[in-house]
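Engineer: Chain residues, written in single-letter form:
2 protein chains.
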Amino acid sequence: MTVTAPQGFRSAGIAVGLKSTGKPDLALVVNDGPQRASAVVFTTNRAQANPILWSRKSAQGGPAHAIVLNSGGANCFTGDFGYETTRLTAEAVASAIGSDDAERILVCSTGLIGTGDQVFREKIVGNVPALAAALAADDTSAAAAILTTDSVEKTAVHAGEGWTIGAIAKGAGMLAPGLATMLVVITTDALLDSDALDSALRGATSLSFDRLDSDGCMSTNDQVTLLASGASGVTPDEAVFAAALAEVCDSLAGQLQADAEGSSHDIDIEVRGAASAADAVEVGRSVARNNLFKAAIFGNDPNWGRVLAAIGTTEAAFDPYSVDVSFNGVRLCHAGAPDRPVDECDLTPRRTHVAIELFAGEHSATIRTNDLTHEYVHENSAYSS
Amino acid sequence: MTVTAPQGFRSAGIAVGLKSTGKPDLALVVNDGPQRASAVVFTTNRAQANPILWSRKSAQGGPAHAIVLNSGGANCFTGDFGYETTRLTAEAVASAIGSDDAERILVCSTGLIGTGDQVFREKIVGNVPALAAALAADDTSAAAAILTTDSVEKTAVHAGEGWTIGAIAKGAGMLAPGLATMLVVITTDALLDSDALDSALRGATSLSFDRLDSDGCMSTNDQVTLLASGASGVTPDEAVFAAALAEVCDSLAGQLQADAEGSSHDIDIEVRGAASAADAVEVGRSVARNNLFKAAIFGNDPNWGRVLAAIGTTEAAFDPYSVDVSFNGVRLCHAGAPDRPVDECDLTPRRTHVAIELFAGEHSATIRTNDLTHEYVHENSAYSS
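From first to last, the protein sequence lines are chains A and B. According to the numbering used here, the first sequence holds residues 20 to 404 in order. According to the numbering used here, the second sequence holds residues 20 to 404 in order.
Incorrect hints may have been included.
[What the hints assert, rightly or not] Covered stretches of chain B (in silico footprint by chain A; criterion: 3 or more residues with CB under 8 Å from a CB of chain A, positions within the stretch not fixed):
(1) 304-311
(2) 317-328
[What the hints assert, rightly or not] Quick list of simulated restraints, FRET-style, between CB atoms:
(3) B:Tyr340 x A:Ala156: 37 to 45 Å
(4) A:Asp362 x B:Asp338: 53 to 61 Å
(5) B:Ser218 x A:Asp214: 52 to 60 Å
(6) A:Ser39 x B:Ala336: 37 to 45 Å
[What the hints assert, rightly or not] A few chain A residues facing chain B, derived, Cβ under 8 Å:
(7) Asn64
(8) Ala66
(9) Gly98
Simulated from the structure, these hints should not be mistaken for lab results. Bear in mind the structure is a predicted one, so any value in this text is a computation, not a measurement. Idealized CB from N, CA, C, for every residue including glycine.
Modelling step: build the complete structure from the supplied sequences, incorporating the hints.
Structural biologist: Printed below as a string of structure tokens:
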């Protein structure tokens, strides 16, 4: 039970042949109410897939009754035909679940850009009745049906005082903000209006998915959707709900990081002593996107020089010659010069912590990234995605 | 004959033990005049090596009599001790060549950040007399002594009407602007003042090294130095000289691209129809820095979807749904939708041309980059640099 952990939701996941492996590739999450509030955050990439164009319009127009998600094809840069496929998908879902308005159906797609032909359309639209027939209040199959190159399902559940949050996520590459690349569906039976949901969702994503930068590549299909049924009848304190939602998003972001394509290290880059949170994020991101740094970590080399070379390219306020850099708790660089011997630092564990102390203020941020490995190159050169 | 091709220059390159391989690692280029005009462009990285700090001050103070360059150690983030090493090196060179002002000696270093201890200092300073003794007007050994992971020497010569330009360069990674990471020494016997040299050098680097973005990583030690002896007695037309200098820099940039660490493709990303040159550069760079695109090229996969996803992250003026993308002359994407079949495109040759037509104006720019390969990951994870 994931998105069906809260009351008022049903879900389903089936295989319709979009994936050559025959694995599940079409998912549906339905909000049975009584309330149907929602909040959605989209990719900031200007190149946006047809389901994003559809869902963006849909999300502005009112409550969401359901969300349908396919893996096995991004339906991005597929022209008017692709947009029509998205519309037909939403109409089929609306009809199958007894909704009178297709625009109340959100749509997500993930897979190869440029994929979305007649066969793709028929497989999705033609199988919506079977998908709807599989809907169940105790379903756990939706989580698998949204995966692409992911190796594991990503789920999270939070039990509040009389209310619950459930979530599924997919993402294993093209993970960079703003909005880390992913599809996420979060459900709750808490009774909250759209404004409260929107505020909580934006706060939670800004500190979790927006600080996940696996490979610097932003997708065209990102969407994080929060659906609220109100079925618990409980209205939690907004700050308590926001904190719980942030915890769920943080858990999912950690799961996405841990499953990043080909990675052998999960690297948390903690920037401290920054003049502003924005500076801390900029400094952390400059390291997270530095291929030389990322390759060094793959080689278990605590190369603090590459950290300093990376942060020197930013415009953040600090003196490059007054910076401390630690790897896994060992301070290797102090005040812009060598400190402890690098052989005191063991980078063989998968979890890697890099601390950068700027001595320029009181702000901090942690950016999550991964190393640059042979396997990353292999997965992204041998297979189109 | 490279930097000694123009009249009025001597150079030398010797091995002093900085490199564990025993290869040459210390070079000197002396301007014997009669004129000693110069122009220098430095890395824009705020984290700057001690020789950069020294040379920046030196270049502002007057003409340059000579430039001394070591490979085998960056002397970056080595504190006051490292700066003192640079000063002592300049003093030793001034003394050895009979210059009365150490500040007229430019210094460059390249190698591992954090390297620059007492042994490093003694090997350099103690061997300056031997280096000076090796100076010759027909020397060709300086080019090899500045290399690090480079596999070949990079040189260029241009013969003008009675005047000549000669050049040596090193760089095989950490190649990103502004200023692509490298050390370059360019000499000329043309009779031109510092203003003319500076203008020509900035123009030439902005179109060559500044548009080379091998791996998105900017170094702490970049320096491009132009020395003019005036020994030909000929003052060329400034536009003619600027064009010749641009050609020399373009040749060197191409050589740096071709020798980029672990690369298997030289990728020229030509952006056309941009609203401004800055937009064209931003769009080209967004593709050049996209790891998914770079890995796809390694796999000979003309993945136009990754090009569109990359350029969608920019703020350049264009409509993502009106863009054409061609690989090696085959238009695979037209007006934001699939065009020719991808199997019509052969990416097996090393030279790769990606054309992006934005239909937003009349400006264009070409960014040079390389693919992301297993060998790149290997070289940058297995060895510190």
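Engineer: Please go over all the hints and tell whether each is borne out by the structure.
Structural biologist: Structure-based check of each hint:
1. 304-311: holds (count 4)
2. 317-328: Coverage by chain A holds for the segment 317-328 of chain B (9 residues, Cβ < 8 Å).
3. B:Tyr340 x A:Ala156: 37 to 45 Å: holds (41 Å)
4. A:Asp362 x B:Asp338: 53 to 61 Å: Holds: the Cβ-Cβ distance is about 54 Å, inside 53 to 61 Å.
5. B:Ser218 x A:Asp214: 52 to 60 Å: holds (58 Å)
6. A:Ser39 x B:Ala336: 37 to 45 Å: The hint (37 to 45 Å, Cβ to Cβ) holds, given that Ser39 of chain A and Ala336 of chain B are roughly 39 Å apart.
7. Asn64: holds (4 Å)
8. Ala66: holds (3 Å)
9. Gly98: holds (4 Å)
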